[in-house]
Amino acid sequence: MPTWNDIRADFPILHQQVNGHPLVYLDNGATTQKPRAVIDALVKYYERDNSNVHRGLHALSMRATDAYEGARTRVAKFINAADPAEIIFTRGTTESINVVARSWAHAHLRPGDVVLTTEMEHHSNLVPWQQAAKASGATLKYVPIVGTNAEGGLDLAALDTLLTPQVKLFAFTHISNTLGTINPAAELCRRARAVGAVTVIDAAQSIGHQPLDVQAIGCDFLAFSGHKMAGPTGIGVLYGRRALLDTLAPDETGGGMVVNVTYAGATWKPAPERFEAGTPNVADAIGLGVACDYLDSLDRVAIEKHDGDLARLAYEKLSTLPNIRVLGPTGARGGLVSFAFPDVHAHDVVTFADEDGVALRGGHHCNQPLMRKLGLTSTTRASFYVYNTAEEIDILVASMRRTLKFFRG
Amino acid sequence: MSADLTELYQQVILDHNRRPRNRGKLPTANRVAHGDNPSCGDQCSVYLQLDGDRIKDLSFDGSGCAISQASASLMTTQLKGKTAAEAQALYDKFHEIVTTGKEPDEISDIAAFAGVHTFPARIKCATLGWHAALNALKSDPTTVTTESHND
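For the protein sequence lines, the chains are A and B, in the order given. Residues in the first sequence are numbered from 1 upward in steps of one, following the working numbering. Residues in the second sequence are numbered from 1001 upward in steps of one, following the working numbering.
What the hints contain is simulated information worked out from the structure, not anything from laboratory work. Glycine included, every Cβ here is placed at the ideal spot set by N, Cα and C. Treat the hints with care, since some could be wrong.
If we take Cβ atoms under 8 Å as the criterion, some of the chain B residues that face chain A in the derived model are [unchecked claim]:
(1) MET1001
(2) GLY1041
(3) SER1063
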């Protein structure tokens, strides 16, 4: 495995100055940067292979089709899916969850049923369930969080009471994008399965940061985005267990997903084509496959340790700042840390950090109900990836000190 | 600190952020409007006591960045005693300042917001309270969201 400094050389974008300072990119929870290998794959595709897939018999179309289906097989291997047909390409996590919320919920949710999710969900794993519950007459319930700073994670004791046979689906995040909490995915799936509930995991914040095995976790559906794992924007994945996917009606209809069309009606192909109407995002799917290769070349066990260690270091150093609230677990955490000052707003913090070349995220992080529950309107978040260093955390903390001095005097 | 940032966070703005004027609910208010900036979560309610066409008193409440809070605070000091037409004219002037950086001919505290124009993402912060106030004047009960404005 290369050293962490060699890794920085793989990412062209990192080598620039922002506001007269070397860029310190700590907004990886929003999107990660792309290694040269992924950028090159996109260029190569458009310069050499660009063509529509599954439709043409000419050389370019066959090359494009092979590369697109090769990417599907690569992604299946990346998450240890049993079958490449379980990999549906989407635009990203949000679309993936919406496909389940519409297709699965439409077929299976009835009045009196319960959809269970948690208080720490991103809007993308919350609003679709509100809509599905509204459309079906089902009730939406939430697993509470524990602690004034949510340091206790999910209330697993409350889960016993909440997981009743009425629960038809349990949707939860693998790693919270605001708190950094790592949820025990395999345990949650096991307990949901015991009451017959289908499980949906939002893996947006975990997929690029650790080994992930859908069969070991035992989930029914899992959603993630390519752009949060060193891949391109506009491509994501819905993993679904084959047996479940084949029971679902398509979410969108049109070309590419049909077997036979008459003026009277149409019949559907099996998964994954059933859920990929229209010309797919071929180039970015191929880029995603290359991102899988890249992350495996670094070793995902090492990435998990690297990102987690940086987040814990940031947690410790930020905690020394006067009058700061740092959210989430005190021990092991995903590669991010978010924090708030009672007297300096996150947007002012982010503006000042930008002045030092440090890219942070400030706001509610698409987590409005969680913010309200914690008595906050916004936090500042630093999120880490393979190319970040301990020195960058020192730059972050120094920038925070300067900001506080300016506002507090 | 760069010149741009010094210009953005002028003393007037910092002062209003630290010690907001006319903050809290106005007991005598007969108009209220609420503003939201959904992209960042800033919120601002503006309470007006209208006497005919004239703003007899006003206050604001809410949470947000230093720019949005200082702007709302300063606004309350500027709009007291103004008619609806005068308030609109003052907003037009303020809007020009934050979008172009052009300072007005006469001496006015609102000129402190000229630095906002180099940070386009913050224009919405600066105008949030003003939008709420103008809506309260029009007695438009709908929540203002900055996303529905071009600025």
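Hints versus structure:
no., hint, verdict
1, MET1001, "7 Å, holds"
2, GLY1041, "4 Å, holds"
3, SER1063, "5 Å, holds"
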